[in-house]
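J.: With these hints in hand, go ahead and build the complete structure from the sequences.
So the sequences go chain by chain: A and B. Going by numbering that gives the first Met the number 0, the first sequence opens with residue 0, and the numbers climb by one from there. Going by numbering that gives the first Met the number 0, the second sequence opens with residue 0, and the numbers climb by one from there.
These aren't lab readings, by the way, just hints derived from the structure by calculation. As the structure is a computational prediction, the values presented were derived from the model and not from experiment. Every residue gets a Cβ at the ideal spot worked out from N, C-alpha and C, and that includes glycine. Nothing false has been slipped in among the hints.
Label pairs and their in silico Cβ distance ranges:
#	chain 1	residue 1	chain 2	residue 2	range
1	A	Gly324	B	Glu117	58 to 64 Å
2	A	Trp321	B	Glu117	53 to 59 Å
3	B	Ser222	A	Ser272	37 to 43 Å
4	A	Thr43	B	Glu117	51 to 57 Å
5	A	Leu152	B	His50	43 to 49 Å
6	B	His50	A	Thr27	54 to 60 Å
7	A	Gly56	B	Gly145	47 to 53 Å
30 Å max Cα-Cα, derived BS3-like pairs, lysine-lysine:
#	chain 1	residue 1	chain 2	residue 2
8	B	Lys118	B	Lys130
9	B	Lys88	B	Lys130
10	B	Lys130	A	Lys101
11	B	Lys136	A	Lys101
12	B	Lys99	B	Lys88
13	B	Lys141	B	Lys217
14	B	Lys130	B	Lys86
15	B	Lys86	A	Lys101
16	B	Lys136	B	Lys217
For reference, the chains in residue letters:
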Amino acid sequence: MSTAGPSLAGDGEAQTSRAPLAGRGRGTWADRAAAAAITAAAWTAIFSLVLIFIFIGKEAVPIFTSAEVHEEADLGRLFLPQAPKAGDPAAFAWQPVSETPKYSLLPLLVGTLKATVIAVLIAIPLAVLAALFSSEFAPTWAREVIKPAVELLAGIPSVVIGFFCLMVLADWLQGAFGWTFRLNAVTAGIGLSLAVIPIVFTVSEDAFTSVPQAYREGSVAMGASSWQTAWRVVLPAASPGVLAACVLGFGRAVGETMIVLMASGNAAVLSASPTDSIRTFSATIAAELGEVVVGSAHYHVLFFIGAFLFVLTFLTNLAGQWWVGRLQKKLQGAA
Amino acid sequence: MRKAMVCLLMAGVLVASAGCGGNVTKSGTITIKGSDTMVILGQRWAEMYMHHNAGITVQVTGGGSGTGIAALINGGTDICESSRPMKEKEREQVKKRHGKDPKEIPVALDGVAVYVHEKNPIPSISIPQLKALYTGKIADWKDLGGPAGRIVAYSRENNSGTYVYFKEHVLGNEDFAADVQTLPGTAAVVNAVSKDPASIGYGGIAYGSGIRAIPVSKDGATSPVAPSLETVQDGTYPASRELYFYTIGEPAGAAKAFIDWVLGGEGQKVCEEVGYYPLRKKS
Chain A
0 MSTAGPSLAG DGEAQTSRAP LAGRGRGTWA DRAAAAAITA AAWTAIFSLV LIFIFIGKEA
60 VPIFTSAEVH EEADLGRLFL PQAPKAGDPA AFAWQPVSET PKYSLLPLLV GTLKATVIAV
120 LIAIPLAVLA ALFSSEFAPT WAREVIKPAV ELLAGIPSVV IGFFCLMVLA DWLQGAFGWT
180 FRLNAVTAGI GLSLAVIPIV FTVSEDAFTS VPQAYREGSV AMGASSWQTA WRVVLPAASP
240 GVLAACVLGF GRAVGETMIV LMASGNAAVL SASPTDSIRT FSATIAAELG EVVVGSAHYH
300 VLFFIGAFLF VLTFLTNLAG QWWVGRLQKK LQGAA
Chain B
0 MRKAMVCLLM AGVLVASAGC GGNVTKSGTI TIKGSDTMVI LGQRWAEMYM HHNAGITVQV
60 TGGGSGTGIA ALINGGTDIC ESSRPMKEKE REQVKKRHGK DPKEIPVALD GVAVYVHEKN
120 PIPSISIPQL KALYTGKIAD WKDLGGPAGR IVAYSRENNS GTYVYFKEHV LGNEDFAADV
180 QTLPGTAAVV NAVSKDPASI GYGGIAYGSG IRAIPVSKDG ATSPVAPSLE TVQDGTYPAS
240 RELYFYTIGE PAGAAKAFID WVLGGEGQKV CEEVGYYPLR KKS
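T.: Structure follows, in structure tokens:
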């Protein structure tokens, strides 16, 4: 579900390095073939994205239109508290398999946000500072170890991270803090941060390295220490790239499925406590879509969740891109 | 109404492999409809049976036991799969409509074990206590005769037949409490319970280290029974049930051949592969 915006990565570099090609259009036959192949590849990506969106949208639309689905679920019941039977207290409940199915999305939304916020709060400071260290302070040999090591973390399948959280991390955390629920938003959030760190690290590291050397030399020549140079000159100069990294990390955290499915406990509890069990959107889809009756209200609600997640990451990416653009303009104006 | 969870249709167009027609001479289609719990089981039976008997097509659909029984009454299916015995009223309807009594054929057994941590001292639990616990009316071990402490309840994901069984059979179709955690698979429940002394979970009757499958009593008064193949097979373990086929009158023709195969050694072996229990061998 987080497919909406890898294009953000490296936008900063792409725009500055794009010079007009000399002799464009006079290419040989091989050049033209290569260009066509590359263009086709780019369009394939866009085309499949559009197809995915159309498919998810098509399956989600009956939430708004189908009378049959409205017997069990409609927008009001998805977002507002509902009393399943007359006389029962109104509540937000996710109980899709029930005498009276209840499809309140609020517990799932809160669960998703809890895990994402915890993951991002852990991952972004760690990853950005690690990237800053790696690009500005680390001796070459250390950099050559750190960078591949962190990037290798991205290669760990998320099911392995999830398994680690379920078997090991949950025990450590419960042993250390004595929480009632082994599997909770913090456990899942820490697991998610392991998936987010490599993305944020890699993209921000690239952003730091692409800051022109002249900035550092100028800063040091003015008498700034290397720490002041890194913190006051390099970090602000790379801020569009770092922000893009954070947006990508957020998208990954929202959409990640396996880790939360295994480590969060999957109880749709509506609470503010980070040590309660949570059920996220993505885990709900993964757990329930396999056995749902095609065409039932439950099925369409799951697709609606998919569309909702898609729109959520898409909007985040859009907002991120807008902000990155603003930062870039500001930096160019100041330079 | 409880919508059907699974509604799979075994397409009849499965190309029959060439070869001899086996011991069944006439070809035909057998339709099976009913219990969602049994749909996977029914499909496995159908696949294997069709593999051995070219020319016979077995179509399996879910929809729920009630749907299957209704279809049997309306003549919409040859065999009805049901995870509950037929009600008297339904039997009368079959008799009135078709002039024959429905034939009940137990085909497999289903049972759920309740696990606690191996250090948990509570000796047993009753079905009403389980219901109160999983619907959120009991949240402390001292209400069950254990040391004071919050109960952490684990359940299966709502796409599992075990979940549906537990919900129907133990909770009387009430909803699970919101804070009951759901895990993918019996193995995950066993693992979670083994690591948490305050927890309780349920799943297939399997054994794992660090957990104890506690004896279950039907109500507070009857004596608790530990889960095992024997107690499930002799019907003394309360969290177990028979799974049935129903036909109108005595089964005949292709349906009879299929049912005989299901009750035979090969068919009963499938029960265990899919996670249920074979019937007690009749001596």
